[in-house]
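Q: Quick note on numbering: my numbering labels position 148 of the sequence shown as 148, and the sequence is numbered without any gaps.
Below, computed lysine to any residue pairings styled on SDA-like, alpha-carbon distance capped at 20 Å:
1. K128 / R154
2. K53 / S10
3. K71 / T9
4. K164 / V185
5. K24 / K164
6. K24 / K40
Cβ pair distances, simulated, as ranges:
7. E48 / K202: 52 to 62 Å
8. N129 / K40: 35 to 45 Å
9. P208 / S55: 37 to 47 Å
10. H11 / S172: 35 to 45 Å
11. F124 / D201: 26 to 36 Å
12. E161 / D54: 14 to 24 Å
13. S55 / N140: 39 to 49 Å
14. Y47 / K12: 16 to 26 Å
15. D201 / K43: 50 to 60 Å
16. Y47 / N140: 50 to 60 Å
17. S10 / H106: 24 to 34 Å
18. S172 / G28: 15 to 25 Å
In short, the hints are calculated from the structure, not lab data. This structure is a prediction, so every number in the text was calculated from the model and none was measured. Note that beta-carbon positions come from the ideal geometry of N, C-alpha and C, so glycine has one too.
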Amino acid sequence: MKQEETLATSHKSLIDSILEIMIKNGIGRTTMDHISSTLKISKRTLYEIFSSKDSLIAEVIKAYNTNLADKHLEIAQTSNNEIEALLKIFLYSRDIINHMDIGFYHDMDAFYMRNHENSRETQFIYLKNMLALVENGVKNGLFREDINYLVHFRMLVLQMESLKRFEQTFPSDITLLDVYDTVCVSFVRGIASEKGMKVIDKFLSKHPELVRKIPLNQVSPRIEGQR
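Make a model of the complete structure from these sequences and hints.
A: Here it is as structure tokens:
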């Protein structure tokens, strides 16, 4: 039993290490040679563990989603209230995005297009956890009661998906984090009660990076690709 636990721990550690490499470099640009040289492990050993690069990618993306769900749960359980939890979850994902090669997101998109079942399962788990969090927040008077939360969160998922192609829509003077922050803060403000808004304002006063203001006269209205 101990040997099996040790092997499982070692396998998870390997997957997490490969995930870290792919987040920084993108999935498509991370070759088996790159993994081998970075982790000081032979390609032969890698192919003994993973039958192909596709199977490795599938495990890595599964680990990414599992780690994310586990972290969200941990944040929810240790936060002072549901709004703080939601904002901390957004802040955690923001940090990942800030250190992520955009190619990782693009490659995940391509993976999900080939594996629809994985995409549906990931969205189901995300929605289930978020709806449970909001339900408690409604009971505690932090979120509004007159909102269709299932629709709102599905719309949020769509907006997050669109971030993978943000450079096709926004001019170069607007960054990915600018768009992410605006989507997240607007979402939470849109579902908060009057009591909840006070919690949001207090949280944002401690995290001014989430509400970076760009003077209107410094922002180009031009959509990327237009002349």
